[in-house]
Structure formats: C-alpha cells, structure tokens
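Heads up: the protein sequence lines correspond to chains A and B, in order. Take the first sequence: its letter number 123 is residue 122 in numbering that gives the first Met the number 0, and every next letter is one higher. Take the second sequence: its letter number 270 is residue 269 in numbering that gives the first Met the number 0, and every next letter is one higher.
I should point out that these hints are in silico values taken from the structure, not numbers from a laboratory. All C-beta atoms in this analysis are idealised placements derived from N, C-alpha and C, irrespective of residue type, glycine included.
These stretches of chain A come out as covered by chain B in the derived footprint (C-beta under 8 angstroms, 3 or more residues):
#1 24 to 35
#2 128 to 138
#3 241 to 250
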Amino acid sequence: MQYERQNPAFYALLAALIFMSVGPILLMFVNSFKLDVDIIGGRTGLLFLPTIRNYETALCDVLWYEPDHLDFCSLKFGGAFINSLIIALASTVITLVIGCMAAYALVRFRFMGRDTISLSTLMVRMVPPAVLLVPVFGLWNNEFCIDKATMVGGWIRDTFGGRGDVCLAGTHSGIILVYVAMNLPFVIWILQSFIVQVPRSLEEAARVDGAGPFQVFFKIVLPLIKPGLAAAAIFTFRIAWNEYLLASALSDRNTKTVPILIVNNMSEFNVEWGVIMATGMLLAIPPIIFTLFASRQIITGMTAGAVKG
Amino acid sequence: MRAQTLNRATPYMFMAPAAIIMAIALLYPLGYMIYGSFRDWNPSQSIGESEFVGLKNYITLFFDPAFRESLSVTLTFAFAVVVAEMVIGVGLALLLDRNIRGMSVLRTLFILPMMIAPVVVGLMWRYMYHPTVGTFNTTLKSWGFDGIDWLGQNALLSVIIADVWQWTPFIFILALAALQSLPRSALEAARIDGATAWQQIIHIKLPLMMPVLIVTGLLRLIDAFKVLEVILVMTEGGPGLSTEIVALRISRTATEFRELGVAAAMSNYLLMLLLLLTVAMFAITRLQEARAQRAARQIQED
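Could you put the whole structure together from the sequences, leaning on the hints where they help?
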C-alpha cells in the first residue's frame with residue numbers, strides 16, 4: 000500500500016486534533032498525581048512531584064497497608080469498584096447470551112409475531128434511561144418484592160444482600176436486570192446484521208449431518224460471529240459500567256457503583272480535585288483499555304449499528 | 000413427529016428469554032409509567048393507593064413555565080449539538096479522507112472520548128471550566144485576557160462544547176466510513192472531467208453520503224435527548240434553569256419534589272418526542288430503500 004505525502008499544514012492539523020481529543024484525558028491523568036495544593040496553585044506545567052496519595056485515599060478500603068496521611072477511610076471506592084465490576088460483567092454476559100439467541104431466531108426463522116418483535120425491539124432502542132427512572136423506581140421498590148416470610152426471600156436475602164423484605168431495589172440483580180433490558184434491543188440489532196452474513200448453506204450442511212438447532216447455533220453460528228459479539232460486548236459493558244441515573248435510584252449503601260460515588264463527591268461544597276480525578280481515572284481505565292485493544296471491533300460495531308439503523 | 004414439534008418450538012425457545020426480560024423490565028415499566036402519569040402519586044405510597052387525577056399532570060405541565068423552559072433548553076441543546084457535530088465531523092472526514100500512515104491509531108485516539116463515562120467527562124470539563132483554577136481561564140489570563148464565566152453566564156454553551164468534544168468523533172468515524180465506501184468510479188469520472196476538489200465534494204461526495212449522514216444525524220439527535228450525567232456533574236442544571244434539560248428535571252421532580260405522577264407525565268412527553276423522531280428515522284430509511292430499488296430497476300430496464 001502506497002502512502003501519499005501530505006503538506007506540513009495537514010500534519011499540524013492532525014496534531015491539533017489529537018491534542019484536542021486526548022488533551023482533557025491527559026490533563027485528568029496528570030492532575031490525579033498532583034496534590035490539591037498544586038492543582039489549585041494554578042501551576043499547569045508538568046513540573047511537580049508526582050504522588051500516588053490521591054489513589055491511596057481513593058482505594059483506602061482495599062489497600063493492605065494504611066496510608067500515613069489518612070486518619071479515616073471515608074471514601075469506599077474499592078467496594079464501589081467491585082460492585083461496578085460485578086454489575087457490568089454480569090449484565091454483559093447475560094445480555095450477550097440472551098441477545099444472541101434472540102437475534103438468531105429473528106434472522107433465521109419465520110414464526111408468528113416475528114415482525115412485531117423485530118419492530119418493537121427497534122422502537123425501544125430510543126427509550127432514554129431518564130424515562131425508565133420513575134417506573135423502575137416504583138416497581139423495583141414496591142412490586143418486584145419477595146416477602147421475607149417465604150423461603151425464596153430468605154435465600155435471596157442471604158445470597159445477594161438487601162433489606163428485610165427482599166425487593167429488587169438495592170440488590171445487584173435489580174440493577175443488572177434493568178441494564179440487560181436496556182441493552183438487549185441494541186445487542187439484538189447489532190448481532191442481526193452479523194448473523195445475516197453467516198452462509199445458510201453451512202448451517203444446512205451441519206443439519207444434514209444430524210446436528211440439532213441448538214448445536215448448529217452454538218457450534219457453527221457463534222464462532223462465526225465473534226467480531227460482532229466482541230463489538231456488542233464492549234458496547235454493553237460500556238453502558239453498564241458508565242451508567243449513573245438508574246443505578247443511583249436502585250442501589251443502596253452496599254451496592255453503590257463508581258459513578259454514584261463520583262457524583263456524590265462532586266456535589267460536596269469543597270471539591271477535592273486530586274482525589275476526584277483519581278477516582279475518575281480509575282473509572283475511565285477499563286474503557287480506555289478496551290478502546291486501545293479493540294478499536295477495530297468498536298468501529299465495526301458503530302458502523303453496523305448506525306448505517307443499517 | 001417429536002422432532003417436528005421441537006423444530007416448530009425452536010424459534011420461540013430462542014426468543015423466550017429476551018422477550019421475557021424485555022417484557023418485565025422494559026415494557027411493563029413503560030406501561031406502569033403511563034398508568035402512573037394519570038395519578039397523584041408520591042414515593043411513599045404504592046401506586047394502588049394513589050388518586051386518579053385524569054389528565055391533570057399533563058395539563059399542569061403544559062402550562063408550567065419551568066417545564067417549558069427545560070423543554071426549550073433540551074431542544075436547543077439537542078439541535079445545537081447535532082448541527083455542530085455534523086458540520087465539524089463531516090468536515091473533518093472530508094479533510095482527513097486520505098491515504099496516510101497511522102490512520103487506525105488516529106481513529107483509536109478519536110473514539111476515546113466517547114468510551115469514557117459521561118460522569119468522568121463532566122468532571123474533566125467542570126475542572127477545565129473552573130473560574131479560577133480551571134485550564135481555560137488560567138490560559139486566558141496568562142495571555143492577558145479576562146477570564147470567562149464559563150459555567151455561569153455561558154453555561155449552556157459550555158455544556159454544548161463538552162458534548163461536541165465527546166461526540167463529534169462518532170459522526171467523524173461514520174462519515175469517514177461512508178466516504179471510503181463511495182463508488183470509486185464516480186469520483187474517478189469527476190476527476191477526469193476536471194472537477195476541482197471543492198466541486199467533487201459538493202456535487203458528488205456529499206450527495207452520495209447523504210443517506211448515511213441523515214441516519215447518523217437522527218441517531219445522534221435521539222442520543223442527544225438521553226444526555227444527562229455530563230450536565231448533572233457540570234452544572235446540576237443551573238445556574239437557574241439555564242441547563243436543566245428534561246431528563247434532569249424528571250429526576251429532580253421524582254427525587255426532590257417527590258411528585259412521581261408529574262415526573263411520569265414528563266417522561267411521557269419526552270418519550271412521545273423521541274417516538275416522533277424514531278418514526279421519522281424509519282420513514283426516511285424506508286423511503287431511501289424504495290428509491291434505491293427504483294433506481295436499480297431503472298438501470299436494469301435501460
């Protein structure tokens with residue numbers, strides 16, 4: 000492949016663009032290693048003594064030693080991080096498995112109600128989380144509850160934690176359920192466009208050889224749509240990892256996720272910039288890693304999701 | 000015989016988990032919300048105990064200046080953001096559609112902003128906009144200008160800038176993908192006929208990209224109505240109501256004012272607006288497909 004030579008102005012423009020898009024992230028990264036005195040002192044330069052004190056403050060509840068500068072560990076970041084991880088991973092896996100099967104059914108089989116389902120899947124893609132806030136809050140607190148008297152209720156309370164009578168609100172599974180439902184339409188949509196490309200003759204050959212529908216699906220179709228699965232996984236994870244509003248309505252003290260923690264600390268009168276930036280950086284790291292390693296899949300997913308939308 | 004029943008049941012078995020979850024956690028809540036929007040309902044009662052008030056919530060909202068204000072803020076925000084992002088994103092795509100080394104690295108760096116949590120984006124920009132210690136004002140002052148009251152007087156503009164920063168790459172990447180899938184023959188023909196670069200863009204590239212661009216713009220518009228966290232973290236809707244978008248108002252009505260019925264009615268207004276946009280998007284896509292088919296048939300007949 001031959002690369003064209005461009006004039007210097009073009010490269011200057013490129014550099015400016017890169018600076019603009021990455022600059023704020025780098026700024027946050029650098030500031031998270033500064034003491035508050037240095038941040039507020041306004042010396043924007045790179046000349047400062049880097050310190051991991053902010054990260055120590057943020058992660059104080061999971062550190063194996065006690066940082067010298069802290070008397071009391073007020074910020075329970077570690078716990079929130081683990082909550083976020085559980086919720087994001089679980090909802091990603093569940094969404095993918097379920098979404099994949101649904102997408103396959105929609106593409107490969109003609110059955111009653113297929114068009115209705117396909118259309119309504121598309122329509123619910125536009126529902127914003129804010130619209131779900133009121134009903135989900137009401138339902139998860141009042142209707143989707145299991146009385147503590149029953150066996151199942153006691154078991155769920157012991158396993159997942161929660162209040163006396165077990166409601167979905169305040170549990171990991173409550174938040175996971177909303178995220179799965181919210182992400183399913185998008186995942187089904189994106190996977191459909193990948194499954195369509197799997198040659199039908201391949202499946203028929205497998206069926207002739209005596210494979211059942213589930214075998215065909217798991218052994219033939221799934222391996223062929225791996226790129227689509229990767230893209231869908233990243234998008235689902237991103238939403239579940241980053242979401243704030245519904246999580247804040249549904250979580251209690253023990254199931255707080257990282258975004259809630261950050262927002263709560265931001266609304267305090269005296270913002271401790273250093274610590275906040277450290278928590279922000281920790282929240283941003285997993286998506287950044289995904290982006291650096293799987294940008295190709297992300298871009299494929301974006302184009303597939305939009306162009307055919 | 001058994002195998003045949005199994006075969007007939009297969010699609011339903013594949014569909015069932017998704018259908019059940021979406022029914023429980025998406026459709027049922029939406030129905031619940033519509034039901035609740037006709038009631039005078041506060042968080043301490045269950046919905047059965049609340050009183051039926053008919054269309055009262057909707058009518059109150061319709062004449063509520065604060066809600067109208069936040070509706071107009073939302074519309075201003077959404078359209079300003081989409082127009083700015085479309086212009087910048089498509090412009091950059093046209094400019095950067097060249098065969099250069101390291102294009103994939105460039106794209107990776109560009110999509111970073113939109114993968115990061117909105118909460119974190121809000122946090123970064125709130126720091127940069129900070130009146131005394133923020134990056135923008137310290138830079139301006141070191142150049143001898145006055146600082147700008149970013150999140151005060153110019154709050155809406157500041158919020159729009161932050162969103163443009165985060166989402167322009169989305170438009171850019173889709174526009175670039177559209178550009179690179181254009182038929183080479185058309186561009187070649189234009190070049191041979193002596194069309195300038197500018198003429199090529201106006202008469203060939205843009206019209207051919209238009210279908211993708213329209214869909215992209217509409218998708219972005221729908222998403223712009225979902226923005227919440229960035230604004231929440233940056234301004235909390237203030238100062239006054241200047242950046243209080245509807246999504247934020249819903250959450251405040253529900254949690255601070257404790258009027259779930261009104262919040263539900265508000266959600267319904269927002270939902271109807273988005274429904275309208277989605278239907279428009281479908282209609283446009285269908286129309287384009289039909290037109291493309293007709294064009295293809297004509298070519299075959301000729």
